[in-house]
Amino acid sequence: MSLPLTVIGGYLGAGKTTLINRLLAENHGLRLLILVNDFGAINIDASLIEAAEDDMIALSNGCVCCTMGADLFLAIGDILDRDQLPDHLIVEASGIADPSAIAQVALAEPDLEYGGIVTVVDAIEFDRLSQDTLIGAQVLGQVDVADVVLVSKTEGGLWPNNLDIEALALSDIDALGPLVCDISFTQFRRERSGHPSYIQWQVTDCIKVERSDLIEHLARRPTGLFRLKGFLPAPKEGIWEIQCVGRQVIVRPGTGPIGIVGIGLESRVRMSEINSWWEELNY
Amino acid sequence: MSNITVFAAKKFITMDPNTPEVTHVAVRDGRILALGGKECANEWGSVHHDDRLADTIVMPGLVEGHAHMMAGAVWKYAYVGYHDRIDPSGNLWRGLKDGSAVVAGLAEFADRLDFDEPIVGWGFDPIFLASERLSRIHLDEISSDRPIAIIFSNFHLMCVNSYALEMVGYDQHSNVEGVIKAPDGLPTGELQEMAAMFPIMRRLGIDFRGLSQSPDAILAYAQVAQRAGVTTITDLFSSMEDDDVDVMLRITNDNFPLRIVPVLGAMGDPVSFADKAERLAKRSTDKLRMGAVKLMTDGSIQGWTARVRWPGYLGGQPNGIWNTEPEMIYSLCAEMQARGIQMHIHVNGDQAAEVSLDAIQAALALNPGQGHRHVLQHCQMMDRDLYERAAELGCCVNIFSNHIWYFGDQHVALTLGEGRAARMDAARSALDAGLHIALHSDAPVTPLGPFFTAWCAVNRRTMSDRVLGSAQCLSVSEALYAITMGAAYTLKLDAEIGSISVGKRADFAILGDDPTSIDPMALKDVPVLGTVSGGRVHLL
Numbered sequence: 001m002s003l004p005l006t007v008i009g010g011y012l013g014a015g016k017t018t019l020i021n022r023l024l025a026e027n028h029g030l031r032l033l034i035l036v037n038d039f040g041a042i043n044i045d046a047s048l049i050e051a052a053e054d055d056m057i058a059l060s061n062g063c064v065c066c067t068m069g070a071d072l073f074l075a076i077g078d079i080l081d082r083d084q085l086p087d088h089l090i091v092e093a094s095g096i097a098d099p100s101a102i103a104q105v106a107l108a109e110p111d112l113e114y115g116g117i118v119t120v121v122d123a124i125e126f127d128r129l130s131q132d133t134l135i136g137a138q139v140l141g142q143v144d145v146a147d148v149v150l151v152s153k154t155e156g157g158l159w160p161n162n163l164d165i166e167a168l169a170l171s172d173i174d175a176l177g178p179l180v181c182d183i184s185f186t187q188f189r190r191e192r193s194g195h196p197s198y199i200q201w202q203v204t205d206c207i208k209v210e211r212s213d214l215i216e217h218l219a220r221r222p223t224g225l226f227r228l229k230g231f232l233p234a235p236k237e238g239i240w241e242i243q244c245v246g247r248q249v250i251v252r253p254g255t256g257p258i259g260i261v262g263i264g265l266e267s268r269v270r271m272s273e274i275n276s277w278w279e280e281l282n283y
Numbered sequence: 001m002s003n004i005t006v007f008a009a010k011k012f013i014t015m016d017p018n019t020p021e022v023t024h025v026a027v028r029d030g031r032i033l034a035l036g037g038k039e040c041a042n043e044w045g046s047v048h049h050d051d052r053l054a055d056t057i058v059m060p061g062l063v064e065g066h067a068h069m070m071a072g073a074v075w076k077y078a079y080v081g082y083h084d085r086i087d088p089s090g091n092l093w094r095g096l097k098d099g100s101a102v103v104a105g106l107a108e109f110a111d112r113l114d115f116d117e118p119i120v121g122w123g124f125d126p127i128f129l130a131s132e133r134l135s136r137i138h139l140d141e142i143s144s145d146r147p148i149a150i151i152f153s154n155f156h157l158m159c160v161n162s163y164a165l166e167m168v169g170y171d172q173h174s175n176v177e178g179v180i181k182a183p184d185g186l187p188t189g190e191l192q193e194m195a196a197m198f199p200i201m202r203r204l205g206i207d208f209r210g211l212s213q214s215p216d217a218i219l220a221y222a223q224v225a226q227r228a229g230v231t232t233i234t235d236l237f238s239s240m241e242d243d244d245v246d247v248m249l250r251i252t253n254d255n256f257p258l259r260i261v262p263v264l265g266a267m268g269d270p271v272s273f274a275d276k277a278e279r280l281a282k283r284s285t286d287k288l289r290m291g292a293v294k295l296m297t298d299g300s301i302q303g304w305t306a307r308v309r310w311p312g313y314l315g316g317q318p319n320g321i322w323n324t325e326p327e328m329i330y331s332l333c334a335e336m337q338a339r340g341i342q343m344h345i346h347v348n349g350d351q352a353a354e355v356s357l358d359a360i361q362a363a364l365a366l367n368p369g370q371g372h373r374h375v376l377q378h379c380q381m382m383d384r385d386l387y388e389r390a391a392e393l394g395c396c397v398n399i400f401s402n403h404i405w406y407f408g409d410q411h412v413a414l415t416l417g418e419g420r421a422a423r424m425d426a427a428r429s430a431l432d433a434g435l436h437i438a439l440h441s442d443a444p445v446t447p448l449g450p451f452f453t454a455w456c457a458v459n460r461r462t463m464s465d466r467v468l469g470s471a472q473c474l475s476v477s478e479a480l481y482a483i484t485m486g487a488a489y490t491l492k493l494d495a496e497i498g499s500i501s502v503g504k505r506a507d508f509a510i511l512g513d514d515p516t517s518i519d520p521m522a523l524k525d526v527p528v529l530g531t532v533s534g535g536r537v538h539l540l
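As you go down the protein sequences, you meet chains A and B in turn. Numbering-wise, the first sequence is residues 1 to 283 according to this note's numbering. Numbering-wise, the second sequence is residues 1 to 540 according to this note's numbering.
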């Protein structure tokens, strides 16, 4: 069993903590473990807190929020060595950090699974910050490596001019779980009725495809279909394990029941679009 | 027996202008009671004479203002660096000058391990090797049935053998950025940055933190210090959890030959780090001094991650990275200054120094007051104007002089070019600006050895034996002052250590030669015979 890891990136004040507060409070049914730099602005309804220590807050819904201490990788190692793993690990990157430098560990470590990079940008401040001579390059870098870019503070129709990449307004998303975490097919169905903003797509059979062709095809999928996961038959023998989050496409030998499930935002992608993209693979 | 001990030496070089040189020093309760001739303490009562140092030259215990605890315990791994180096037990490890020497050296080390133990090396630096890049193929020659990992000297890269790659499943399908692949699509064995190294480190039990906080690590640090004549040393980016402090308090007892100044790494919420620093300060003892904080700003010049001012890097590389947001540097400076907490601020590039000085200036405007002694650390590219500002703001500087020898040629050819390289680590400009200066090794990045560091500041030779920027050379006496009183000042310990003066701790470096009378080019070779810490003699 590997532990999915999602990294939340974004400059100081962009809204990372707001996102984390929402994730902690949301009814996604997952036992999240969230590693934060500090509890500063973490805001949890006191009635939900089951236990609290200097470096840990446990919630009655099974989620836990911890400070990461001086060494993030050490903290990740400690979590992996626990007897009972959480369902999903979320790491809040520091305001200047390159979130991919952290997320890469999920691609590297066999006991982790890549859950993506979600970068939050502030609609009011992004234009100024991204052109700042001191930090502009690093702020833009956080957006460049993101699998999903979320824009905060869009009230009154604000939108950053300098953001030339597909992004979603945080306020348009009623449930963050499916976007930020890996929600399995069954969990997703259970949750779906309450979250009309998502669509789910699935196939259960497929022709056998060469790895390089498959990677190329998956990379060309409709951009609104931001998560894909499952297993497809490989030519000759064997099975490809497939996992796509945003721009990240992973295809490697694996074992599991043939089929893929995908999640997209209803406002960004139509089912017919996904189906016709998938059909192309058969020709 | 009398509780006053009078030590005799050929010469005590005191670093105290009132009595620059004496032959006898009297010690009571671990502190200096009197100094002068044989009878110097007779007015205090009966004395007993200790002649163990009679044939030696004695200086104040040397003070290393910028090093890391890991410098001791990292020796549990095989040293495979380019330069000769001495381990904590005093064994010389010859520098390995090419790839095949590295392989041979490791194979020899492996013979001494249990057959199933991982083989781990450290200190490797390809920047000095002309031969082809180290790969798994070289390491497979040593063993194909146990894991091998070579940690590079910057601790950001490693090279592993095929067995280790297999353990973590790195193969042609891996799409991890830091897993370097050959043109044939297979991993070369080189792994870059923590994310790619993590699975190996986890499985081989390589733990950088364990190298810093275990009892063995603390004891090994003391051994390394003792060999270098150092009696007070920093651990300049410590995480200092409560358990760590308990361990350190237990180890650093009266018999421990070293005073450690762990400095809390502060990256994040200023108030919580200030709170923690205050809590730590309250637990300080004579041998363990806590309460200061370390700020990170930029990266390193040779890694092209330092933030530099115009005209940038020689090869047009992008302008480095911030490890702390400039805004956060301002917030941290404001909070620490308001709370009276001393800061040590890492600044390699000149832009990082400029932003840090701006932040200190802003903090002082909010909470005026001198006596803070915030220290800019490394200061590699600071020029006259930045040093003048540091002086105006009441800061001190700790300069990374060892870089001149180790990386000076690379800075000329690859990073900064002749003009700026010639005024790197500009100790002369700093003194001329009226600053209190220290000089440092950043051990284990370069070896701990204040006499070598002083030699660098005096002679400014590079590895190719050229003089890099003679205008910035210090005199021997200025350099010796910097590695004693200067460094003590930057740690706010100058009332207690740094010179042999009445009232100060009886901390000495015991030497086999007189650094003030030898050829300045021999300064780096002054033999260290041991130390005295709080009046207790610790000969090697």
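Be aware that one or more of the hints could be misleading.
To be verified - Negatives, chain B to chain A, calculated, CB over 12 Å: (1) S239; (2) P270; (3) R389.
As the list claims (entries may be wrong) - Here are the computed distance ranges between Cβ atoms for each label pair: (4) R309(B) with K236(A): 52 to 60 Å; (5) D140(B) with K208(A): 31 to 39 Å; (6) Q131(A) with D207(B): 19 to 27 Å.
In short, the hints are calculated from the structure, not lab data. Idealized CB from N, CA, C, for every residue including glycine.
Inset, instruction - Of all the hints given earlier, name the ones this structure violates by number, lowest first. - result: 1, 2 and 6
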